[in-house]
Every structure is written in structure tokens, then in C-alpha cells.
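> What follows is each chain in one-letter form.
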Amino acid sequence: MAFVAGTDIVSQLLYAASMLFFVVIMLYGQKIQMYVMIREVENSLRKLKLIKEEGRKTTIETIKEIGKPETDPSPRVDRYLEYFTISPQSMDPAGIVNKLDHILDVRDSRFKDEVKLMAPASDEVQVNNLENTLEAAMALNFIYRVVRHFYIQGKKTLSPYVIMQLQMILPLVMKEAEAYSSALKAFAYGQPIGDGVGALVAAKLIYGSKTRKVPKDCVVATIPFEGRTALVVKARGPGGNVGKPGDAVKELIEENKGKIASVIMVDAGLKLEGEKVGEVAEGIGAAIGGPGVDQYKIEDSLVKYKIPVNAVIVREDIADAVSPMRKEIADSVDSVIERVKSVVLERTKEDDKIIIVGVGNTIGIGQ
Amino acid sequence: MIVLTVLALSIIALIFGAQAYLMQNDTVALYLLAIGFISMGLAVYVLVQSRKRMAKMKIETPKIMTTVECRKCDTKNVREFERGDFVFKELDKCDKCDENKIITAIYKIVKEKEKPFTI
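Protein chains in written order, with the numbering used here: chain A, -6 to 360; chain B, 25 to 143.
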């Protein structure tokens, strides 16, 4: 039987094969596509596992090196990596900020206690750095577990929607995981990260002046600044620490009975694609990230005394924010100071008192 | 494993193709050689891709640099980061004057791999 009249056997076989291929694509095209997607996810999951394991190994090695524990810290580290925090119930939102604040305080002190048990020989700076290292390892562990969950669920159900959703967000997830992996090393070695640009600006203004502690884990220095008196606040370094600038600003405003001409906040701000890393931008509002507790406290104090708030940010993406500080970001510090100066000159009068807050993780940055 | 099997089969197809050509069976030789070359090309492509993927699995660790300055005599020195370094850490005395050197910056240098979009 000939498939095409007047041709040889090889042509007929090729014709049959192409017809078969067409039928297979028609009937099983979506399934084939699914298997290709599952394979892509599988490869990324394998890489995530590698990153997670590497993070765990680095963490354990750092704890052994710095903390000099008598027993193997691995089981305790593994237990720590599975820790979770339950956010407060928000059905009745009244008072939720204080509840969240309390939960975060409990979490912080619990983590610090755990680190001290794991690494008994470490000092305060090293405890902070190790805590940050463990948090980065925790984040990597969490990302891996979530991706694995959806991968297995997708494979079990062969649902195109589960697999497609996962495959579509994977590039962003991988970028974040690589950033955390980089952050983990930075925390382990005590290197400044991109998020610390606010703290670096404050440190540059403070350097050489006398500082005093303010709650919680923050320092303040009083310096002359363009004919005004500036109270410069930052988290206490050089250990990995963001402090509680909300409490610090609140206390400083109360100390001065609200007689503050302006609050200027300096922080790292997320850049959009196409924008340059290290670009400086200016705006209005409390520039501070995190769960929102500090922003709430700062805004609350500002509203009470009707104090204007200005913000100066350094643009960077999430990967730059949590990985070792890029040269472009470190170089932007002088431009930020110039921008702060112009804000102060334009928005306040001579002899006024202002507060400059350098927001961010102060790891690897002293004062 | 599948890729290596395809590679082996493509080599067999090429050998048979050559044999068919020598036996002056030109049409069969043409088909076998075409199948052999195409499948060999595909197998090599898949192998190269998997090697690239393996290379991608490695996480690059950038070099971290520390800038050490003497503020009195304006000397600047850039060296690799050492554990214990932090910005505004006071170091030993400057070689030229009595002032203590300080660390003024710690950063990584990133070479942009992506093509910049100029729109």
C-alpha cells in the first residue's frame, strides 16, 4: 500500500512518520509541554537545593569557626532553619502594630538566645552577624520548601495551572535565592550590604563625633550641619543590626518636646528595571521598610507634632539590597549627603534642630 | 543516556549512509546521511546545553574590596576584604605620618552582564 502514489519506500516512511508526529502533537502536545516545564522546574529546584545546602554548610562552618561550640551545632541549626513566626490576627486591626511589635521582639530575643547557645564564644557583634546569617539560611530553606511543594503538587496532579504559575515566577524566585545566598556569605564575613547605604551615610556624618545609645539598638550623635543642629541616628554597628529607628525617632522627638524642624530619612529604595543602581532620588514620607512597625511609630510621632518628613533614597534592586554593597552604591554616599544638605538648606531655617535617620542594616559599618 | 544512544545511532546511520553511497544507492545514502547529521547535531546541541546548565549551577562569589585611607596625608590603598574589616574601623598607623589609617569603604565590583536598554 502506498501512502503517496508514485514515490519510493523511504518517502512513504517519512510521510507516515510526519503524519504520526502531527497526530502525536495534536493529542499529546500539552502533556509534552507540561513535561518540558516540569523538567525546567526540576532543574531550578536542583539548583535551589544546592544553594540551600551550601548556605547551611557555610552557616555551620561559621558557627564552628567563630562560636567555638563544644558539641556539633548541626542539629540545632537544622531546628533553627524550620522556625516560623505567626503574625497576629488582623480580623480586628485595632492595636495590631503593638501585637506585631511584641511578636517581633520575642522572635528577636529567641533567635539571639539560640545563637548564643550555638556559638558560646561569640561577642555581641558576632552574635548579630550569626543571627543574620541564620536568617538568610532560613530564607533559602523556605524558598526551597515552597518551590518543592508546588513542583510535587504539579507533578502529582499534572495540572498545567500549577506548573505554569511556578514556571512563570521561577526566574524571580531564582534571582531572590541567589541574592540570599550572596547575603548569607556577606553576613558570615560581616561585609556591608546594599541595604546598609542609609547607615553608611549616617556613619559618615557621625564619624568622629560622640555617640550615645538610644532605643533600640540605635546610636545618635549631635553634629553641626549647615548652620543647624542635626541629630543623626543609625543602628549600632558594626554587627548585623537594623535597630528600631521608630523607637529612636520617637524618643528624640519627645526629648526635644517636638521642636524638630524636619526629619530626613535616608534609605535604600527599590529601583525599577532600566534605572541605574546607585541613583539618588528625593521625596516625602517615612522611608523605611520592614514589617511596618517602625514606619507606624515614626509617622505617629510626626503627626503628633506636625513635623515634616523628607526622604532621600538610593536606588537598587532586591538582589543588590541583600548582597555585598556594590561600588556604585558605596560611591553614591557623597551625592546623598549633598542632597540632604540641599533639603536642609531649602526646608529649614538656621539654628533649627533636625533629625537625620540612616535606615538599614548596619552590618560591616561602624560609627 | 538517551542523548548518548541518539549519538551512537547517528554514527551508525552515517556509516550505513556511506556504505549505501559506495554501493551507488544514492537516494538511500542521502536520507541516511541527512538523518545521521541531523540527529548528531541535535545530540551534540543537547550535550552542550547540559554542560552549560551545569556551569550555571555554580554560584559566583564576587571579590570584595576594602579601601583604606589616611585622612591626614590623603593616601588611599585598596586591598581585598579580610574578616574583621568594617567601615570606619581604625587600623594601624600610617607609614608616612602618625595618624591612624581607617577603612572608608567596603564594596564589590560587579561587571554588568546584561545589555543595557536605552529606550
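In case anyone wonders, no lab produced these hints; they're calculated from the structure. If you're wondering where the values come from, they're calculated on a predicted model, not measured in any experiment. Please note that a few of the clues may not be correct.
List time: in silico EDC-like cross-link candidates among lysine to aspartate or glutamate, alpha-carbon distance up to 16 angstroms [as the list claims (entries may be wrong)]:
id	chain 1	residue 1	chain 2	residue 2
1	B	K87	A	E321
2	B	K135	A	E321
3	A	K346	A	E219
4	A	K297	A	E219
5	A	K342	A	E244
6	A	K57	A	D71
7	A	K320	B	E136
8	B	K113	B	E93
9	B	K100	A	E247
10	A	K243	A	E321
11	A	K269	B	E136
12	A	K105	A	E117
13	A	K320	B	E104
14	A	K197	B	E114
> Please go over all the hints and tell whether each is borne out by the structure.
Here is what the structure says about each hint:
1. For the proposed pair K87 of chain B and E321 of chain A, the alpha carbon gap of about 15 angstroms is at most 16 angstroms, so the pair holds.
2. Straight-line distance between C-alpha atoms of K135 of chain B and E321 of chain A comes to about 11 angstroms, which keeps the hinted pair within the 16 angstroms bound.
3. For the given pair, K346 of chain A sits about 11 angstroms from E219 of chain A by alpha-carbon distance, which is consistent with the 16 angstroms threshold.
4. Taken as a hint, the K297 of chain A and E219 of chain A pair is broken in the structure, with Cα atoms around 27 angstroms apart against an allowance of 16 angstroms.
5. Note on K342 of chain A and E244 of chain A: the hinted pairing is violated, with a Cα-Cα distance of about 23 angstroms set against a maximum of 16 angstroms.
6. Restraint check for K57 of chain A and D71 of chain A: satisfied, since their Cα atoms lie roughly 14 angstroms apart, inside the 16 angstroms limit.
7. Proposed proximity of K320 of chain A and E136 of chain B is supported: the alpha carbons are some 12 angstroms apart, at most 16 angstroms.
8. A threshold of 16 angstroms between alpha carbons decides the hint, and for K113 of chain B with E93 of chain B the separation of about 11 angstroms falls inside it, so the pair holds.
9. A C-alpha spacing of about 42 angstroms is found between K100 of chain B and E247 of chain A, which places the hinted pair above 16 angstroms, so the restraint is violated.
10. The straight-line distance between the Cα atoms of K243 of chain A and E321 of chain A is roughly 32 angstroms, outside the 16 angstroms bound, and the hint therefore fails.
11. Between K269 of chain A and E136 of chain B the alpha-carbon distance is near 11 angstroms, which keeps this suggested pair within the 16 angstroms criterion.
12. Our distance criterion of 16 angstroms between C-alpha atoms is met by K105 of chain A and E117 of chain A, whose separation comes to about 10 angstroms.
13. With a C-alpha separation of about 14 angstroms, the suggested pairing of K320 of chain A with E104 of chain B holds against the 16 angstroms cut-off.
14. Among the hinted pairs, K197 of chain A with E114 of chain B is consistent with the structure: their alpha-carbon atoms are about 14 angstroms apart, no more than 16 angstroms.
Checked against the numbered hints given earlier, this structure breaks hints 4, 5, 9 and 10; the rest are met.
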